[in-house]
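Colleague: Sequence:
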Amino acid sequence: MKQRLSIILIIIFYFLYLSCISSREKSILIEYLEFKSVVDGDTFWADNGSENGVKIRLIGVDAPETRNTGRKAIGYYGQQSKEYLTRLLENKKVRLEYDIDKTDQYDRTLVYVFLTDGTFVNAELVRRGYAMVMTIPPNVKYADIFVKLERKARRNNRGLWNENHVEN
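For what it's worth, my numbering labels the leading residue of the sequence shown as 1, then goes sequentially.
Just so you know, these hints were derived from the structure itself, not from any lab. Please read all numbers here as calculations on a predicted model, not as lab measurements. Worth double-checking, as some hints may not be accurate.
Below, computed lysine to any residue pairings styled on SDA-like, alpha-carbon distance capped at 20 Å [what the hints assert, rightly or not]:
no., residue 1, residue 2
1, LYS72, LEU88
2, LYS92, ILE145
3, LYS55, ARG128
Pair by pair, the computed Cβ-Cβ distance ranges are [what the hints assert, rightly or not]:
no., residue 1, residue 2, range
4, GLY118, ASN156, 36 to 42 Å
5, GLN79, LYS36, 15 to 21 Å
6, PRO138, ARG67, 17 to 23 Å
7, ILE100, GLU163, 34 to 40 Å
Even glycine gets a Cβ: it sits at the ideal position worked out from N, Cα and C.
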């Protein structure tokens with residue numbers, strides 16, 4: 001009887017544990033896609049099997065604009081950011097990691113991006129000074145890492161933070 005009660009309690013605790021896993025942990029999905037083209041330093045297109053592909057917006061980072069729009073002007077170091085992202089992603093597959101929000105107000109897919117060699121693209125852009133931190137809750141999984149990388153890029157005058165505009 002004691003053994004049976006122990007098994008029942010273990011089963012109950014197991015199901016309680018499963019019900020306590022946060023919705024954040026349950027919401028993280030992973031998929032691999034082929035890179036197609038870069039829009040600017042924080043946005044690109046990937047092939048998801050649909051006719052046009054999927055427009056990807058990197059979470060947690062903001063790169064300068066590469067073209068004038070109704071709301072924003074071309075930003076300092078924008079073209080360099082776009083070119084760096086292109087070199088980083090060209091002819092590569094990317095692993096997409098979602099956070100809480102899956103899309104933004106412009107219907108872009110919000111993700112953290114990793115290359116097959118493990119390179120964390122969002123972080124690499126900040127580390128090298130091609131993008132700055134832009135945290136928009138609830139998508140905050142790597143925010144602390146991005147802040148540390150930006151501080152280091154500023155200290156080392158990398159990319160955006162280099163007044164002499166020398167590429168690092």
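Colleague: Now tell me, hint by hint, if it's right for this structure.
Modeller: Hints, one by one, checked against the model:
no., hint, in the structure
1, LYS72 with LEU88, "violated, 25 Å"
2, LYS92 with ILE145, "violated, 24 Å"
3, LYS55 with ARG128, "violated, 23 Å"
4, GLY118 with ASN156: 36 to 42 Å, "violated, 23 Å"
5, GLN79 with LYS36: 15 to 21 Å, "holds, 19 Å"
6, PRO138 with ARG67: 17 to 23 Å, "violated, 30 Å"
7, ILE100 with GLU163: 34 to 40 Å, "holds, 37 Å"
Violated hints for the displayed structure, listed by number in ascending order: 1, 2, 3, 4 and 6.
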